[in-house]
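For the record, the sequence lines run as chains U and H. Taken in order, the first sequence gives residues 1 to 85; the numbers are from UniProt numbering. Taken in order, the second sequence gives residues 1 to 406; the numbers are from UniProt numbering.
It is worth saying that the hints were derived from the structure and are not from the lab. Hints may be right or wrong, so weigh each one.
[What the hints assert, rightly or not] With a cut-off of at most 30 Å between alpha-carbon atoms, the simulated DSS-like pairs for lysine-lysine come out as follows:
#1 H:K326 <-> U:K68
#2 H:K25 <-> H:K326
#3 U:K3 <-> U:K68
#4 U:K3 <-> H:K124
[As the list claims (entries may be wrong)] Label-pair ranges, simulated between beta-carbon atoms:
#5 H:L211 <-> U:E53: 41 to 47 Å
#6 U:E53 <-> H:R217: 24 to 30 Å
#7 H:R91 <-> U:D63: 40 to 46 Å
#8 H:R269 <-> U:D55: 49 to 55 Å
#9 U:D55 <-> H:T38: 30 to 36 Å
In this text, a Cβ means the ideal position worked out from N, Cα and C, and glycines have one as well.
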Amino acid sequence: MSKELTYGELAALMKSNAGITVDAGLLDGHPETPFAEYGLDSLGLLGIVGALENDRGIPIAGDADSCKTPGAFMDVVNTSLKAGV
Amino acid sequence: MNTQAVVTGIGVVAPNGIGADAFWKATREGVAVLDAVTREGCQDLPLRVAGEVRGFDVSAVVEDRYTVQTDRFTHFAMAAADQALADSGLRFDEEAPFDIGVVTAACSGGGEFGQRELQHLWGKGPRFVGPYQSIAWFYAASTGQISIRGGFKGPCGVVASDEAGGLDAISHACRNITRGTGTRAVVVGAAEAPLAPYSGVCQLGYEELSLEEDPERAYLPFTRHARGFAPAEGGAMLVVEDPRHAAGRGAEVQAVIAGHGATFTGASRWAESREGLGRAIRDALAEAACAPGDIDVVFADALGTPEADRAEAGALADVFGKRAAKIPVTAPKTGTGRAYCGAPVLDVAAAVFALRHAVVPPTPNVTDTCHDLDLVTGRPRPAELRTALVLSRGLMGSNSALVVRA
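Next up, chain H with everything else stripped away, as it sits in the complex (with noise of 0.2 Å):
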């Protein structure tokens, strides 16, 4: 990235707080909200703990004719986008639609909207069928609708590159404002909904999923009761901009998006993701013209199995050397579960609020580490903050790194 692009706008709905500020707070105080599963139809699976989003008043933040033809997920997603908007201050010019574009990453998709459709279908028969099945259910669906409602015409892009895909999401959108074809700004981001029914029982086939039963108990990556991860709904929306539009129109820079890489190593195959992981990172850091050095903080995939998190402490070890030890990592996302796609851009969110706030939030629920890292746990960690490291990795086998900059 010639020009790197900056982040001028955030919008959040996640289980520990819907809107940015909410998310902050909770997050910096490592507020703890996986709980038990209450969402329709779910309380007889054997996934008991997750990270729900409540209090989320659909008819509130969309309009009917979205709560109708569209999934809980698409709601999260174009709600999350009105609030970085908003942030960003960023007005849409109707002379310029084409400056614009939308960028979203998803890997669980509409499930509850799809599941009530073919409940029609076995139940009913196929004329029973609502034709907004053919578009609300898929992976798409949330960068289609954003990009209508808001008039957005530039690059809009769907990437389904698994778990990691909200971080290459975020480096597409700062690609197609960087090659300089005229896109002034991207609504980027992940949300997912996978908890319903459905979608809960595809994630059953995970080995990797926690079935414990105490919230306090049930994500607790890099300590010997590590046990797999507790899955959440929800997800974060960012504005990324161009640099020179962003100061032209005065508006401000939260963070800008330095450096990201991104591999492939085979699903579960969590001991291999050691050496993609490391991969990733260094891609990063060369996008980003740093130095392992400059890296002062990193928010940790930390999947939470004990394999997967002895590769990710690899990773660190192979890339940092002994300072490995000594970086500050965290992983928030304890407190909340993984939203999927939504995690690693909610860790987005968090790391630029710990970038101006200069403090890095804790890891909830996790006391102590069994690895050699400076796991931070217990209480907000103040720090001069210049550079962040977030990290993720997905089930089927994706490893990413974003470089985030003050």
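Isolated chain U (complex conformation) (with noise of 0.2 Å):
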């Protein structure tokens, strides 16, 4: 089972892969503002999936590419890592 993804490193993969920067605490505290609404286009969130899976060496189940919130990203991101599928 890998680690669960924190909104941290959320935040992160979002910078690195699509250059946008948003606070952490933002998309905490806000889990269901569109990432559209900080300038994340689908292929942007595509690329943090494919970094993600990478980065932990798993694929990550779900269509987490299509997720059009934080919110509902995190949900189906931890639940595949919880699975460890």
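Two chains, two separate frames, one set of hints: put the complex together.
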């Protein structure tokens, strides 16, 4: 089982993979604010999922790359990581 | 073109200057900036001399997301577009996003970005290729990103017609304006970033590429020492506008795009480019309702091989007759190198400034010509200028001419 993804890591992935600066606390405090409002597009999210999979060394199950909000994304990713598939 | 579109803004990112004012000052004085290639990974290429854009701070001109998601050629184009829009004073109207379009030309693409991702592919595997590879490398990237960033939803296009596409893009933009469908302005131009290892290797196949090591001798068109051209990065963007709209908002008209012609005569068939370039010039003059005698200055293509130079001088003789030897001809790009599609747009920018300041900029590094041309060398030449002719040819066979009027 891989350890859970944190909002801090998500913020770092948004910066490194899509060039978008966002405060981790903002993501955590407003999990329903759509990625689009931060300027993250579908390609950016796809890149984040790829980087996460490469980093953790396991595939992420579910449709993480089609999640619209940070909250939904964290749910999908952490459910997958917990299952450790 | 019935209603002729006008230039109201100019933005430049060039080896001899970032910003239109710096570019014109260096161009007017004939400052030569060709130098040793220093970009990362290029030191071992047999290409020794090029025009690099140095001191370009990408983080100062575009947001982080674009530095991550797009290639250097798009960074240049976005920076130049911002300058052109600021120069024009054109304000984006949220109520009318469809009134402004974007057209760029490209023939090198995002080679640096693409190379990095392909290295990930072969070095680490397909899972390590970033998704922005799908959009960053290709020719349309700059048009798309400028459109998205500015909210410009009018006619957008990409002209992939070889180096001369820089002029064809301007014509295309003007047609979007003059066909009367409500397009008020188009952000148009080209910027290239071919000085990266993969892109450099691609160019080594061009027999016209100069491999000369001495920056002062690498690119000497129209001379007995002509040995090909030095490449460059950078380019220019313009705002072209409906003249009624420009007048309505009190914008300063910098020049009129009066006519354009384009032909195609085949890759590296330079002898045949004589007839093709001649025809492009005649078509541009006809569209501008100009007689050959109206042309006051020629910004030459100046490819820099003996055969290509002979063909260009021949085309000018064919169109202008005996007067060809008396019209001031200049090639400012000998000081910077040829930025592919960006090169003729830089020449258009220089032509607009030349008309406004009544001075023909010189041809850097060139001191004499072996052709029957009045090549302006050494220092800027004051002259009454009303109409300029800008010429461009591509290595793949395109020939274009653009008439620019004060």
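Structure-based check of all given hints:
| no. | hint | result |
| --- | --- | --- |
| 1 | H:K326 <-> U:K68 | violated (66 Å) |
| 2 | H:K25 <-> H:K326 | holds (26 Å) |
| 3 | U:K3 <-> U:K68 | holds (23 Å) |
| 4 | U:K3 <-> H:K124 | holds (24 Å) |
| 5 | H:L211 <-> U:E53: 41 to 47 Å | holds (45 Å) |
| 6 | U:E53 <-> H:R217: 24 to 30 Å | violated (53 Å) |
| 7 | H:R91 <-> U:D63: 40 to 46 Å | holds (41 Å) |
| 8 | H:R269 <-> U:D55: 49 to 55 Å | holds (53 Å) |
| 9 | U:D55 <-> H:T38: 30 to 36 Å | holds (34 Å) |
In summary, the numbered hints that this structure violates are 1, 6.
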